Amino acid sequence: MSRYILRRLIQAIPVLLGATLLIYAIVFALPGDPIAALAGEKRMDPDIVDVLREQYHLNDPFLVQYWHYIVGLLGGDFGTTFAGVGVGDIMAGKFQVTINLAVTALVMEAVIGVGLGLYAALRHGGAGDSLILAATLVLISVPVLVTGFVLQLLLGVRLKQAGIDLFPVAGVSEGWRGYLLPGFVLAGTSIAYLTRLTRNSLVEIMRTDYIRTAVAKGLPRSRVVGRHALRNALIPLITYLGADLGALMGGAVITETIFNLPGIGQQLFSSVYLREQPVVVGIVTVLVLIYILANLVVDLLYAVLDPRIRYE
Amino acid sequence: MRVTKGARLTAGAALLALALAACGNSASSGGGTASGDLPVRMELGEPQKLFHPGDTTESEGAEVLAAVFAPLVGYDENKQAVDEVAESIESKDNRVWTVSLKPGYTWHDGAKLTAQNYVDAWNYAANQDNAQSANGFFSRIDGWADLNPGEGKTVSTKEMKGLKVVDESTFRVTLSKPFSQFKTMLGYTAFYPLPKVAFGADGRITEEYARKPIGQGYFQFDKPFNKGTDQSIDLTRYDRFPGKKPKFTKLQFKLYTSSETAFNDLAAGNLDIHDSLPPSAIARAKSEFGERYLDQADAGVAYIGFPMQYNKTYANVKVREAISMAIDRETIADKVFSGTRAPADDFINPLLDGYRAGACAVCVYDPLKAGEQYTANNGPKTLELGYNSDGPHKEWIEAVANSLRANLGVEVKVKPFEKFAGILDELDEKTYGGMFRMGWAIDYPSAENYLTPLFSTIAIKTGSNYAGWSNQEFDALLAKGDSARTQEEGLKFYQQADDILIREMPYIPVYFYRTNGAFSQNVKGVKIDLLNQIKWTEVEKAG
Amino acid sequence: MSDTLAPAERPQNGGVGGHPGASRPPKAASLWSDAWYDLRRRPLFVGSAVLIGVLVAMAVFPSLFTSVNPFDAATCDLAQARQGMSAAHRFGTDNLGCDVYSRVVYGARNSLVIGLSTTVVTALLGGLLGLLAGFRGGALDTLLSRITEIFFAIPSILGALLILAIFRTGNVWTVMLALAVLAWPLTYRIMRAAVITAKGQDYVLAARALGASAPRIMFRHILPNAVASVIVVATINLGTFIAAEAGLSFLGVGLRSPDISWGLMISDARERFLEAPWPLLFPALFLSLTVLAFIMLGDAVRDALDPKLR
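Residue numbers (this note's numbering), protein chains in the order written: chain A, 1 to 312; chain B, 1001 to 1543; chain C, 2001 to 2310.
It is worth saying that the hints were derived from the structure and are not from the lab. The reader is advised that the hints may include incorrect statements.
Stated by the list, open to error - Heads up, incomplete: computed chain B residues facing chain A, CB under 8 Å, no partners named:
1. G1150
2. D1265
3. P1380
4. K1419
What the hints assert, rightly or not - What follows is a list of derived Cβ distance ranges for each label pair:
5. B:P1380 to A:D77: 29 to 37 Å
6. C:T2169 to B:T1157: 27 to 35 Å
7. B:A1357 to A:V150: 52 to 60 Å
8. C:R2090 to A:V150: 45 to 53 Å
Said to hold, decoys possible - Below, computed lysine-lysine pairings styled on DSBU-like, alpha-carbon distance capped at 35 Å:
9. B:K1461 to B:K1102
10. B:K1286 to A:K160
11. B:K1212 to B:K1244
12. B:K1112 to A:K160
13. B:K1286 to B:K1541
14. A:K42 to B:K1381
15. B:K1381 to B:K1092
16. A:K42 to B:K1158
17. B:K1430 to B:K1535
18. A:K217 to B:K1153
19. A:K160 to B:K1092
20. B:K1177 to A:K42
21. A:K160 to B:K1223
22. B:K1492 to A:K160
23. A:K160 to B:K1541
24. B:K1541 to B:K1492
25. B:K1245 to A:K42
26. B:K1250 to A:K42
27. A:K160 to B:K1480
28. B:K1535 to A:K42
29. A:K42 to B:K1079
30. B:K1092 to B:K1158
31. B:K1177 to A:K217
32. B:K1541 to B:K1212
33. B:K1480 to B:K1092
34. A:K160 to B:K1177
35. B:K1161 to B:K1480
36. B:K1161 to B:K1102
37. B:K1212 to A:K42
38. B:K1223 to B:K1196
39. A:K160 to B:K1461
40. B:K1312 to A:K42
Since this is a predicted model, take the numbers as computed values, not measurements. Where is the CB? At the ideal position from N, CA and C, for every residue including glycine.
Using the sequences and the hints given, assemble the complete structure.
Given below as structure tokens:
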């Protein structure tokens, strides 16, 4: 087992290098001059643009730029943004917000998604099952922007106007409460996936022989479901959760915007937009690392949940 | 130029601006403090850069600097430039200008404001090596060319010969050509001074300064701004300010990435002033804020432009007129913008002297005439209309496209660009053959600012003349206006230049912007000035 | 909304509740023909087939459903923007004063093509690679899994811009490509997990012991048992793809006016949702119905593949 973990961690090195090179190359290849993007709708004097290009080494060939970046990275320097701020500083602050948000969302989708799926599976074919199906359809088809603003208005603004200050409207100044609404909004579609995955896995497992045996043995229903069925249904669920982690971290642009949370999603988006290679590559590298670790944990959990699965 | 506000990114679309910050320093939650210490909380988008006057050409950064710096001139209710820090700004020939400063102004660190501070700041901003975005504003000053020899060439001097310090509180500016609007121009952010401490040993503005700019205005920074982590900018009144001071002591800019979110925060009582309400919030703002809802004219104009320089598709002015007449501006302003825009009927905005209501006859919706004129002049069968999707433009562009389809019987392809620079790139490469949207917010309140930067021949290279339209008669009239001895005389020439634009239609004016805001019960007397900035001296805390 | 949902749900309720009473095929056939025989007799399947049939008809012959041609700009009247439901506009009008009903009908084609093609491509690509990696394990699994880790982390905006840079235009196929490139790793992980679980089951070990060939074990024994979670993911993917398409439009990769799709309609109606919900709710409803139809289809297929239910 420990050799397996070690091997996986060693594999991470070429993956990380490959990812930085790939992302660096993509951003490099994208059309659009980063300096021009800075100027907005007023064209910059070409001479000024040239001075700036020189300043940011944008006139160097690709490999030279990449080399500068990697050398800096090995020395612990993530580079600077066009606004002259250190990428390392930006990432440190933003990943903190993003991790809070992603963990909140992950917990919500695990609890709500698995809970609803469990309920639907037990009421399989009944009214509750259909109702939950309809709810998941709403989560899939109504965009995050709408659920976000509607919840912000109803639970943030209206409640506060009514004197109940439960959910902050926006920002990170109110501590963990500020993550509840955005966490739920961000978890939306994932809740739909998990509900369906849980429901279908459980429905299937409840038909298997060993569950019938357990029921026949006279075990209480809660124990049958909790100990025997759910444990075996968990593999696809944790696989999904592991894979979803990155989407929650890097793809939360709209949620972060609605709730004014200064996270990685917005930063990544705007940096791609401004063609800020150091920021994009820095963030993606960290995200790849998180993925590698998350997938490793998930793979190890397979063996824990199903003793038949072994890693040499 | 100060386009960020107009181009405020909508939540669903791109998010150029980003707000930050794990550390909660919102004072709004402090229940125990006396109400006198609570700040007035003002909505702000994320500034693009750190702060120093020569490199701050977007609205959010300018809004912060306007609270920290005092301008040479301000603007009165009649839109005339009035001296603020300047004691007088005089010229006999519109070419040599003598600026003298009022006594008593000090920097926030206590140092005395001197004429040298202005000369230093302007020379710095005008030097191409410093790559300041406001560089072009100094191009009328004699000697600017020496500081901008062009790509790859080294700058041999650090000073413009047109800038001379006369004594501690007087300096003289010599322009390369007469310019009657020079005094009006001096209210712009780029013309603020810089203290000696702003410059490091290498002669460059230090990052330390740009994070906590020391100004000579009525507010000062509490602490350095951590771009990327701070969600607010906190200011305290500078009590040694000799001019008219605000009646409250603390001002807090709260940074938002979405103006809808800021509006919700305002409604929930976590914000005091919001001056850029999105169209989707107007109905709610009117009903929920009543008296505290602001709706006033704004100096911005939006156009549809043609690639005149290299594309012959739109060469016939009759075709351009027909396109203009086919656009139902009234309904677009009403339905798409919920009244946050007004139909345009001149190239000059109504907020400024020189505007003439109904000057542009072909800006009036006339679908029948448009269709006939378009067919009679063999207008192209297919049109393309480009816009940048990082701003709130999609809906009105689609509405215009529908108007053109219905009234001209043409096929209209709508082309989204990731950002405005994408349109500019294709125009520069002469690969884009379609029409494009374009917006303009003024830098200083003069009719001239709607003309020279957008339509003069020289602006094809250095300004914002993206159409590439060039007209000698127009250029000549601008030159006459620039050298006119009085404002009135100048205005006459500018209006004649405006007439040429209306005759030639290189762009189609579509709408004038309006400023829509709302404020909380905590404040009163909220007014927004010509440059879209809150007049902090008028604001008072209520109750 | 519940009104419209009810008929669609009915077959499902009946279907899942009642055990299939169909008679078995006369003699032993292959697993897949067995499944097909079984499928045709399931109300769940019939219900979803009818619903899908209607949606496909809408996509292919929109003019059967409405006499209004939304591509004719004259049918839009900006002055009538955001009107509620009326005789003239059954589903009301949108922000530009266009008829929502006819746009929903005409939007079906683009939305279904994008949703289905992307789902199929992701399911095939992710599914097959996941099957291979899970089954073979070892170096192949390592390589594929590390590649997916990179793909997972590519920001969607970056992927979309890259596609745009390569093709320089946006249409149904660039949308499909942009969505599929970023979505297949999820299907891959889910399939791989299911295969790893199934690999250890007794019947697979038995098949191995009997000397069955690797492809036979993979497709005959493992795939039918591993496909359930992939079907779940694919059906929901279908909905998210249809909705996500609009997100690409603003970058220039997606569809653009005068094209019509549900995703674009939903996206355009978002900001004024509080003032005028119907331009968003109706396309969202049809999107939901599409997903519902395929969820039902997925359930039916899975049940049919499950020998325990026979």
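Checked hints:
Against a cut-off of 8 Å between C-beta atoms, the interface hint on G1150 of chain B holds, since the closest Cβ of chain A lies about 5 Å away. Contact between D1265 of chain B and chain A, as hinted, is supported at the beta carbon level, the nearest pair being about 5 Å apart and thus within 8 Å. Because the closest C-beta pair between P1380 of chain B and chain A is about 26 Å apart, greater than 8 Å, the hint is violated. The interface hint given for K1419 of chain B is met, as the beta carbon of that residue sits about 6 Å from the closest beta carbon of chain A, less than 8 Å.
Checked against the hint of 29 to 37 Å, the C-beta distance between P1380 of chain B and D77 of chain A comes to roughly 54 Å, which is inconsistent with it. Distance hint check: the CB atoms of T2169 of chain C and T1157 of chain B are about 49 Å apart, inconsistent with the given range 27 to 35 Å. Here the CB-CB span from A1357 of chain B to V150 of chain A is close to 42 Å, at odds with the stated 52 to 60 Å. At about 25 Å, the beta-carbon gap between R2090 of chain C and V150 of chain A misses the expected band of 45 to 53 Å.
In summary, the hint linking K1461 of chain B to K1102 of chain B is not supported, as the alpha carbons are separated by about 38 Å, beyond the 35 Å threshold. At most 35 Å may separate the alpha-carbon atoms for a hinted pair to count; K1286 of chain B and K160 of chain A meet this at roughly 20 Å. Taken as a hint, the K1212 of chain B and K1244 of chain B pair is honoured in the structure, with Cα atoms around 23 Å apart against an allowance of 35 Å. Of the pairs offered as hints, the one joining K1112 of chain B and K160 of chain A is violated, with about 48 Å between alpha carbons and a cut-off of 35 Å exceeded.
Of the supplied pair hints, the one linking K1286 of chain B and K1541 of chain B holds, its CA atoms being roughly 22 Å apart against a limit of 35 Å. Between K42 of chain A and K1381 of chain B the alpha-carbon distance is near 31 Å, which keeps this suggested pair within the 35 Å criterion. Pair hint K1381 of chain B plus K1092 of chain B does not hold up; C-alpha atoms about 55 Å apart against a cutoff of 35 Å. A threshold of 35 Å between alpha carbons decides the hint, and for K42 of chain A with K1158 of chain B the separation of about 26 Å falls inside it, so the pair holds.
With a C-alpha separation of about 44 Å, the suggested pair K1430 of chain B and K1535 of chain B falls outside the 35 Å cut-off, and the hint is violated. Restraint check for K217 of chain A and K1153 of chain B: the C-alpha separation of about 90 Å exceeds 35 Å, so the hint is violated. For the hint pairing K160 of chain A with K1092 of chain B, the CA-to-CA distance comes to about 61 Å; that exceeds 35 Å, so the pair is violated. This hinted pair checks out: K1177 of chain B and K42 of chain A have alpha carbons roughly 24 Å apart, not beyond 35 Å.
Proximity of K160 of chain A to K1223 of chain B is assessed by CA-CA distance (about 31 Å); at most 35 Å being required, the pair is judged to hold. Restraint check: the Cα-Cα separation between K1492 of chain B and K160 of chain A comes to about 56 Å, which exceeds 35 Å; the hinted pair is violated. Distance restraint check for K160 of chain A and K1541 of chain B: the Cα-Cα separation of roughly 22 Å lies within the 35 Å cut-off, and the hinted pair is therefore satisfied. With a C-alpha separation of about 44 Å, the suggested pair K1541 of chain B and K1492 of chain B falls outside the 35 Å cut-off, and the hint is violated.
For the hint pairing K1245 of chain B with K42 of chain A, the CA-to-CA distance comes to about 34 Å; that is within 35 Å, so the pair holds. Proximity of K1250 of chain B to K42 of chain A is assessed by CA-CA distance (about 34 Å); at most 35 Å being required, the pair is judged to hold. At roughly 60 Å between alpha-carbon atoms, K160 of chain A and K1480 of chain B are farther apart than 35 Å, so this suggested pair is violated. With a C-alpha separation of about 26 Å, the suggested pairing of K1535 of chain B with K42 of chain A holds against the 35 Å cut-off.
Taken as a hint, the K42 of chain A and K1079 of chain B pair is honoured in the structure, with Cα atoms around 25 Å apart against an allowance of 35 Å. A threshold of 35 Å between alpha carbons decides the hint, and for K1092 of chain B with K1158 of chain B the separation of about 28 Å falls inside it, so the pair holds. Taken as a hint, the K1177 of chain B and K217 of chain A pair is broken in the structure, with Cα atoms around 101 Å apart against an allowance of 35 Å. Annotation: proposed proximity of K1541 of chain B to K1212 of chain B holds, straight-line Cα distance about 26 Å (limit 35 Å).
Restraint check: the Cα-Cα separation between K1480 of chain B and K1092 of chain B comes to about 16 Å, which is no more than 35 Å; the hinted pair holds. A C-alpha spacing of about 60 Å is found between K160 of chain A and K1177 of chain B, which places the hinted pair above 35 Å, so the restraint is violated. A threshold of 35 Å between alpha carbons decides the hint, and for K1161 of chain B with K1480 of chain B the separation of about 25 Å falls inside it, so the pair holds. A C-alpha spacing of about 24 Å is found between K1161 of chain B and K1102 of chain B, which places the hinted pair at or below 35 Å, so the restraint holds.
For the proposed pair K1212 of chain B and K42 of chain A, the alpha carbon gap of about 26 Å is at most 35 Å, so the pair holds. Simply put, K1223 of chain B and K1196 of chain B have alpha-carbon atoms about 19 Å apart, close enough for the 35 Å limit, and the pair holds. A hinted pair counts as satisfied when its Cα atoms are at most 35 Å apart, and K160 of chain A with K1461 of chain B does not qualify at roughly 53 Å. A distance of roughly 25 Å separates the Cα atoms of K1312 of chain B and K42 of chain A; the hinted pair therefore holds under the 35 Å criterion.
The structure is inconsistent with the numbered hints 3, 5, 6, 7, 8, 9, 12, 15, 17, 18, 19, 22, 24, 27, 31, 34 and 39, although it conforms to all the rest.
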